[in-house]
Amino acid sequence: MKLSARLIAPLAALVLAGLTVTGCAPQTSDTGATKDEKSGTLRVWLFQEVGNKPKERVVDAAVAAFREKHTDAKVEIEYIPVETRAQRVKAAFNDPKSAPDLIEYGNTDTAGYVKDGGLADIKAEFDAWDEAEDTDPTARQSVTVGGGIYGAPLFVGVRALYYRTDVLKELGLPVPTSQAALISTAKKIHRAKPGLYGLAVGGAYTYGAMPFLWANGGELAEESGGTFKAAVNSPAARKGIEAYTSLFGDDNCPAAKCASMGGNATVTAFASGKAAMAIGGDFSHSAVEEGAVKGKYAVVPLPGVAAGSIAPAFAGGNNIGVLKSSSRRTLAVELMKSLSGKKTQAELFDAMGFLPTYTDVRAASAEKQPFVAPFVKTLGAGAKFVPASAGWAQIDASLVLPTMFQEIVSGRKGVAAASDDAARKMDAAFSSAG
1 MKLSARLIAP
11 LAALVLAGLT
21 VTGCAPQTSD
31 TGATKDEKSG
41 TLRVWLFQEV
51 GNKPKERVVD
61 AAVAAFREKH
71 TDAKVEIEYI
81 PVETRAQRVK
91 AAFNDPKSAP
101 DLIEYGNTDT
111 AGYVKDGGLA
121 DIKAEFDAWD
131 EAEDTDPTAR
141 QSVTVGGGIY
151 GAPLFVGVRA
161 LYYRTDVLKE
171 LGLPVPTSQA
181 ALISTAKKIH
191 RAKPGLYGLA
201 VGGAYTYGAM
211 PFLWANGGEL
221 AEESGGTFKA
231 AVNSPAARKG
241 IEAYTSLFGD
251 DNCPAAKCAS
261 MGGNATVTAF
271 ASGKAAMAIG
281 GDFSHSAVEE
291 GAVKGKYAVV
301 PLPGVAAGSI
311 APAFAGGNNI
321 GVLKSSSRRT
331 LAVELMKSLS
341 GKKTQAELFD
351 AMGFLPTYTD
361 VRAASAEKQP
371 FVAPFVKTLG
381 AGAKFVPASA
391 GWAQIDASLV
401 LPTMFQEIVS
411 GRKGVAAASD
421 DAARKMDAAF
431 SSAG
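This note's numbering applies: residue 1 is where the sequence shown begins, and numbers increase by one.
Everything labelled a hint here was simulated from the structure, so no lab data went into it. Check before you lean on any hint, since a few could be wrong.
To be verified - In the SDA-like style, the derived pairs of lysine to any residue whose C-alpha atoms are separated by at most 20 Å in a straight line are:
| hint | residue 1 | residue 2 |
| --- | --- | --- |
| 1 | K342 | T359 |
| 2 | K187 | L171 |
| 3 | K343 | A132 |
| 4 | K97 | T71 |
| 5 | K74 | S327 |
| 6 | K35 | D95 |
| 7 | K274 | L173 |
Required output: the full structure, derived from the provided sequences and hints.
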């Protein structure tokens with residue numbers, strides 16, 4: 001399924017600055033490898049998923065295929081928590097002796113990791129790779145910085161609304177088609193069934209909150225002349241923040257339990273039968289299928305403010321890159337190809353629901369599995385991205401937005417004060433990034 005111009009346009013912002021491990025991480029340009037060994041052990045860090053076993057099986061198959069061609073090489077895979085990746089990657093960039101050869105990283109990490117000197121430019125190898133010709137242009141942008149290519153796209157992902165079909169039917173409630181209806185439906189469910197969160201939300205679930213802000217016309221930041229200024233404290237953004245934080249409380253998702261939850265926790269709550277609705281990604285499908293709600297749920301695009309509209313979703317996804325410090329660059333690139341190639345991406349889709357980054361593989365996957373439809377529809381309606389500034393690294397690592405949400409839902413600060421504080425922190429990060 002080739003991305004339409006309508007889809008590509010809103011995603012053009014995926015130049016993908018962002019998520020370095022910290023805004024003041026020291027440069028590591030002096031940690032580049034001086035040799036390229038053709039044997040030995042390759043160390044790989046991949047992200048731990050909510051339900052990781054299916055991913056492990058696909059990765060093991062890709063590693064086995066690699067080792068058939070490279071019998072003198074061994075591979076050690078370690079699955080690391082997404083939430084603590086910042087500290088792990090920072091340490092790896094600054095200490096090559098303990099660093100892995102390859103890492104999986106979020107597509108918002110690219111520019112920041114390149115700025116920190118951690119990723120190797122593999123443009124020559126990528127351009128010579130036959131399969132790379134079918135990489136979606138937007139996905140290719142996610143590994144491109146300043147003309148170099150710093151890894152291979154692994155999957156693209158967006159979030160939509162998972163809901164319990166049995167619960168809505170029992171209570172006689174229609175599927176929400178507007179943001180106001182979503183909020184009121186969540187509270188009606190919790191009132192009727194106090195043991196269920198109406199809509200599982202998390203104070204640390206930044207990418208679940210962003211659609212509320214964007215749907216109300218707000219932005220995270222505004223760009224002018226190549227510099228960014230925070231906009232989370234604009235009237236439109238505050239309206240979205242108010243909408244999202246209104247879902248924390250005894251009438252839906254108690255702040256004492258939900259303020260600290262991230263995206264994985266909200267999906268787990270839904271999959272385990274503790275929530276009637278949740279904002280989850282296409283990549284959450286396998287975890288939900290393995291949960292208590294199998295056969296009792298459906299997915300639709302997250303509704304926007306106007307009835308029948310779709311809230312802009314964060315255009316996410318992950319890549320796999322080779323560290324500049326790897327002393328086995330050639331082998332690492334070959335393993336990267338095996339882990340991110342067409343066969344592996346097709347198997348990851350079957351196992352995890354991860355949307356492939358190859359246009360031909362994605363088209364075949366969409367024909368095979370109808371659950372992809374609401375996520376593709378969400379992409380087509382206009383996905384958005386984080387500010388294309390390396391300053392996003394410090395903002396994300398410093399938990400600026402989660403802190404803002406948590407201050408509001410705990411009652412420590414009002415929306416105006418919390419968003420003003422967040423804006424000041426964001427502007428400082430943008431300024432320090434240059």
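The hints, checked one at a time:
1. K342 to T359: 10 Å, holds
2. K187 to L171: 12 Å, holds
3. K343 to A132: Within the cut-off at roughly 13 Å; holds.
4. K97 to T71: With Cα atoms ~24 Å apart, K97 and T71 exceed 20 Å; violated.
5. K74 to S327: 14 Å, holds
6. K35 to D95: 17 Å, holds
7. K274 to L173: Cα-Cα ~18 Å, so holds.
Hint 4 alone, counting from the list given before, is not met by this structure.
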